[in-house]
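All chains, please: the whole structure from these sequences, using the hints.
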Amino acid sequence: MNGVSREILAPTPNPETAAFWSAAGEGRLALRYCRSCGRHHHYPRAICPLCMSDATEWRAAAGGGRIHAWSVMRRAPVPYAVAYVELDEGPLMLTNIVNCDLDALRIGQRVTLAFQRFEGGALPVFEPAPEQAAEGADRS
Amino acid sequence: MSIRGRAYVAGIYEHPTRKAPEKSLAQLHAESARGALLDAGLTFADVDGYFCAGDAPGALQMVEYLGLKLRHLDSTEAGGASYLLHVGHAAQAIAAGKCSVALITLAGRPRSEGVATGTTPRIYNLASPDVQFEAPFGATVVNLYAMSAMRHMHEYGTTGEQLAWIKVAASHHAQHNPNAMLRDVVTVEDVVGSPVIADPLHRLDCCVISDGGGAIVVVDPAIARSLKRPLVKVIGAAEAVKHSWGGDVALTWSAAAISGPAAFAEAGVKPSDIKYASIYDSFTITTLIQIEDLGFCAKGEGGRFVSDGNLISGVGRLPFNTDGGGLCNNHPANRGGLTKAIEAVRQLRGEAHPAVQVRNCDLAIANGIGGSALGNRHASATLILERE
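So the sequence lines, in the order shown, correspond to chains A and H.
Numbering of the first sequence is given in my numbering, commencing with residue 1 and proceeding in unit increments.
Numbering of the second sequence is given in my numbering, commencing with residue 141 and proceeding in unit increments.
Source of the hints: derived by calculation from the structure; they are not laboratory data.
Bear in mind the structure is a predicted one, so any value in this text is a computation, not a measurement.
Check the hints yourself; a few may be wrong.
To be verified - Which bits of chain A does chain H cover? Going by a derived footprint, with three or more residues having C-beta under 8 Å, they are:
#1 6-20
#2 42-56
#3 60-70
Said to hold, decoys possible - Far from chain H, some chain A residues (derived; all Cβ distances over 10 Å):
#4 ALA23
#5 ALA104
#6 THR112
Where a beta carbon is used, it is the ideal one built from N, C-alpha and C, also for glycine.
Written as structure tokens, this is what we have:
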């Protein structure tokens, strides 16, 4: 674990996604939810890619998930972990795992929402859940 | 309507350069086009259909540069799979009477331009809806593919040593290719002992970065028979796209699971009939997953299938990438699809290097994967070719 963070390539929001990034800046993960089919999707879209309905809206994620796959980028000035996290709401989200031992990540590990700030905003990322040790890390 | 037997590959050319700072991009396309047309015994004046993808400086620009007079144009962009997909599209256009001599070109100079191909986010278009949900997190080609490898290992017990066999086989073939970037034979220990780039992929699990190019000429049956070249017939071609399905991400299978069976059905053959396979090899895991998806073994069995030299020509059951592939020979423009078709045609003609030529090679497959990675948007193009 270290306190050095990698250089973040800032996102370029557009009218469809501005609310996602402003929510992230305020410490929330905004997921797109479809009132028609009752499912969340990610990345967020105005038209539901699962059922074509336009009855979509933002809903705040509860903030829990589980690592579906991870990889530590070793060939970088500051090594970092990318991951697909399976959100408790359903979708898998491409993100980072931070505040962790990069050599101790495991598929199935419980993670919790965190934010990594950059100039002008924040990225929704994840860190090992505090109850992880008690929960049985081998589940996946 | 099927394209089975409606078109032939008459000309191929792989540009010999692997580093070309002294040449322009259009020039590399043109030298490749000229090489393939000379191979076929045709000229620019014979071409009436042209196919290129995102590596070209523009489709209309290339048509003008080459001085072509066309009645069919196709600039379908599907990453490294584009050129195999173009062969299928060319066969469709020829079958429909829209053209009779189709030229497909590829070229690029990532090595001269110092592109950090796999290890930094590559952004082609800021308006692309995916970019802001991937690049800020440091998603790159290599760590996205690495997550497919990680998940495959988790689900099926695949090991780094098994993946390494894919590179080992490619290196056995590359030693005979004077143009290959990496000609040294490597061992499983060399691969797993090379530096980790993105867990669990090592440096030697990754393809080369090379300048270069290539071209393919596809013609109608009457023209094919008038040329003094071996007859290599297109008998099956299919394409498919797989993506992240709004978050229902699947990392351990590719669009080849869809394009493969469709191409086999069109060709009327099965995986066990195949004598030689060109399989896209941006990373070792890319090849392993396609081998499963194309039906050469069951899902999850790929690690065992590729082990112990099973992909080495003259040794194993499925000789693959006998030019050394992208892992050792060439990955021009960061796109390995076109060279996959070229080596398949060489094998069917009996023009592969004698040390790697498959005996009685009358049926070959070439598969390409292009786009982002296996869990998100990518295309697979499958081509089945037969020597007549």
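Hint-by-hint comparison with the structure:
Requiring three or more residues with a Cβ within less than 8 Å of a Cβ of chain H, the coverage given for the stretch 6-20 of chain A holds, as 10 such residues are present. Figure legend: the stretch 42-56 of chain A, annotated as covered by chain H; annotation consistent (6 residues with Cβ-Cβ distances under 8 Å, at least 3 required). For the stretch 60-70 of chain A, the proposed coverage by chain H is satisfied: 3 residues have a C-beta within less than 8 Å of a C-beta in that chain, meeting the threshold of three. A/ALA23, annotated as away from the interface, keeps every beta carbon of chain H farther than 10 Å; the closest lies near 14 Å.
Every Cβ of chain H is farther than 10 Å from the Cβ of A/ALA104; the closest lies at roughly 12 Å, confirming the non-interface assignment. No Cβ of chain H comes within 10 Å of the Cβ of A/THR112; the nearest lies about 17 Å off, and the non-interface call holds.
Hint compliance for this structure: no hint is broken.
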